[in-house]
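There are 2 protein chains.
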Amino acid sequence: MNYPNGIKKLKPTFNQKHIDYQNRGMNLEHDLNSTNMYYIEKEKAFIYKKPTPIKLVKVDYKKGRINEAYFEMPSTTDYNGIYKGKYIDFEAKETINQKGFPLINIHKHQIEHIRNIDKAGGVCFLIVRFTKMNETYLLMSKPFLEYIDNASKSVLPISYFKEKGHLIKEKFIPRVDYLEIIDSLEEFK
Amino acid sequence: MNYPNGIKKLKPTFNQKHIDYQNRGMNLEHDLNSTNMYYIEKEKAFIYKKPTPIKLVKVDYKKGRINEAYFEMPSTTDYNGIYKGKYIDFEAKETINQKGFPLINIHKHQIEHIRNIDKAGGVCFLIVRFTKMNETYLLMSKPFLEYIDNASKSVLPISYFKEKGHLIKEKFIPRVDYLEIIDSLEEFK
Numbered sequence: 001m002n003y004p005n006g007i008k009k010l011k012p013t014f015n016q017k018h019i020d021y022q023n024r025g026m027n028l029e030h031d032l033n034s035t036n037m038y039y040i041e042k043e044k045a046f047i048y049k050k051p052t053p054i055k056l057v058k059v060d061y062k063k064g065r066i067n068e069a070y071f072e073m074p075s076t077t078d079y080n081g082i083y084k085g086k087y088i089d090f091e092a093k094e095t096i097n098q099k100g101f102p103l104i105n106i107h108k109h110q111i112e113h114i115r116n117i118d119k120a121g122g123v124c125f126l127i128v129r130f131t132k133m134n135e136t137y138l139l140m141s142k143p144f145l146e147y148i149d150n151a152s153k154s155v156l157p158i159s160y161f162k163e164k165g166h167l168i169k170e171k172f173i174p175r176v177d178y179l180e181i182i183d184s185l186e187e188f189k
Numbered sequence: 001m002n003y004p005n006g007i008k009k010l011k012p013t014f015n016q017k018h019i020d021y022q023n024r025g026m027n028l029e030h031d032l033n034s035t036n037m038y039y040i041e042k043e044k045a046f047i048y049k050k051p052t053p054i055k056l057v058k059v060d061y062k063k064g065r066i067n068e069a070y071f072e073m074p075s076t077t078d079y080n081g082i083y084k085g086k087y088i089d090f091e092a093k094e095t096i097n098q099k100g101f102p103l104i105n106i107h108k109h110q111i112e113h114i115r116n117i118d119k120a121g122g123v124c125f126l127i128v129r130f131t132k133m134n135e136t137y138l139l140m141s142k143p144f145l146e147y148i149d150n151a152s153k154s155v156l157p158i159s160y161f162k163e164k165g166h167l168i169k170e171k172f173i174p175r176v177d178y179l180e181i182i183d184s185l186e187e188f189k
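Residue numbers (this note's numbering), protein chains in the order written: chain S, 1 to 189; chain D, 1 to 189.
For the record, the hints were derived by calculation from the structure and aren't laboratory data. Keep in mind it's a predicted model, so treat the numbers as computed, not measured. Accuracy of the hints is not assured; some may be wrong.
For identical chains, the list gives no copy identity; a pair is met inside one copy or between any two copies.
Derived lysine to any residue pairs resembling SDA-like cross-links, with alpha carbons at most 25 Å apart [unchecked claim]: (1) 62 x 94; (2) 86 x 189; (3) 63 x 107; (4) 63 x 164; (5) 55 x 160; (6) 62 x 102; (7) 44 x 112; (8) 142 x 111; (9) 162 x 102; (10) 55 x 65; (11) 84 x 96; (12) 44 x 145; (13) 42 x 74; (14) 162 x 181; (15) 50 x 94; (16) 99 x 164; (17) 49 x 78.
Okay, chain S solo, but in the shape it has when bound (with noise of 0.2 Å):
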């Protein structure tokens, strides 16, 4: 696009930065959080992600202005809610990596959480996209947690999403119809 001379200059440089820095392989929690959107409008699901945890160091409270601050790990998943009256959790990444997911991606207090979660009885899955092919794949916690209580290996590789996942198709809206999936299961019908 060709702006005129000094136009671009409106926009604040550091509100430029911090928008690519947002964007840089955030896609699939933008397309999340638009389906998440698209079920709370059709009054489908009430899904929603989870603020990032941080520590607040210096604050001035009469302006509400938080001057130093880091960022914390979860202890949780990203997103949870209800959808058909049961409990909803789970994680999305992506990776750039293109034989499958490394597991150091998900840490390890959260996979005590997805542990509890499954016993618990709630429904708890991973979301994770493989860029580089553009596929994006659900995988229940119960053969997540049998892969990670199993395996050695760092990286859960493409073909156990493939066998023991479901790809979500991409779609115009909802972008990523994750709750289709979980209908499809039988455990849930």
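Dock chain D against the given chain S, drawing on the hints supplied.
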């Protein structure tokens, strides 16, 4: 406690101030967090407080340090999770008001969320502590919404909590055993 001269200086001042602020009116939050930790340890329920949503403005991503950010309005309630396979969702508030709970403390989006979860079949409620009397009540979404939809008053009177809600007895451990109330309700048996 008596400290020898100088020892107190070991704690940085801003940290001290920060802690004081955090504790101001946050005893209920503290009690609920320890109660939820207790439930998790006993594998009774998996309920967590969502992090406060924060709008990032200036971030040094190399250092993982946030240099400017602002608190945002939450669009849902603060706590959710799973208990006995059911989706649990609630908001917790303290008030120094002795007559009732000022409804300004629950904003429009949160009321909409409570309405959605109630309709979707989730176990949804408010926990309100009246700090002057040191009484903590659980009020289910249905009587709460009934009040909101029919009363023009901006304060939910304490008499309404006594009549339609449930006093949560204070215990040593867990501090605020709100699941005991849920267990006692006919509709969740």
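Against the structure, the hints:
1. In this homomeric assembly, residue 62 and residue 94 come within 25 Å of each other (Cα to Cα) only across copies, at 21 Å, whereas the closest approach inside a single copy is 39 Å.
2. Taking CA atoms no more than 25 Å apart as the test, residue 86 paired with residue 189 passes in both settings, with 12 Å inside one copy and 16 Å between copies.
3. In the homo-oligomer, the alpha carbons of residue 63 and residue 107 lie at most 25 Å apart only across protomers (21 Å), although the nearest pairing inside one protomer, at 35 Å, exceeds that limit.
4. Taking CA atoms no more than 25 Å apart as the test, residue 63 paired with residue 164 passes in neither setting, with 51 Å inside one copy and 39 Å between copies.
5. For the homomeric pair residue 55 and residue 160, neither the shortest alpha-carbon distance inside one copy (37 Å) nor that between copies (37 Å) is at most 25 Å.
6. In this assembly of identical chains, residue 62 and residue 102 lie within 25 Å of each other by CA distance solely across copies; the values are 22 Å between and 44 Å within a copy.
7. For the identical chains of this complex, residue 44 and residue 112 are inter-copy neighbours only, at 15 Å across copies versus 29 Å inside a copy, given an alpha-carbon limit of 25 Å.
8. In this assembly of identical chains, the alpha carbons of residue 142 and residue 111 lie at most 25 Å apart only when taken from the same copy (12 Å versus 35 Å across copies).
9. Only within a single protomer do residue 162 and residue 102 lie at most 25 Å apart by alpha-carbon distance; the minimum there is 16 Å, versus 53 Å between protomers.
10. In this assembly of identical chains, the alpha carbons of residue 55 and residue 65 lie at most 25 Å apart whether taken from the same copy (14 Å) or from different copies (10 Å).
11. In this homomeric assembly, residue 84 and residue 96 never come within 25 Å of each other (Cα to Cα): the closest approach is 34 Å inside a single copy and 38 Å across copies.
12. Proximity of residue 44 to residue 145 under the C-alpha cut-off of 25 Å is restricted to the inter-copy arrangement: shortest distance 21 Å between copies versus 28 Å within a copy.
13. Taking the shortest alpha-carbon separations for residue 42 and residue 74, only the inter-copy value of 21 Å comes in at or below 25 Å, while the best intra-copy value is 30 Å.
14. Only within a single protomer do residue 162 and residue 181 lie at most 25 Å apart by alpha-carbon distance; the minimum there is 14 Å, versus 45 Å between protomers.
15. For the identical chains of this complex, residue 50 and residue 94 are neighbours both inside a copy (17 Å) and across copies (23 Å), given an alpha-carbon limit of 25 Å.
16. When the C-alpha separation of residue 99 and residue 164 is checked against a cutoff of 25 Å, the pair qualifies only within one copy, where the shortest distance is 16 Å, while the shortest distance between copies is 57 Å.
17. Proximity of residue 49 and residue 78 under a CA criterion of 25 Å is satisfied in both settings, with 6 Å inside one chain copy and 13 Å between copies.
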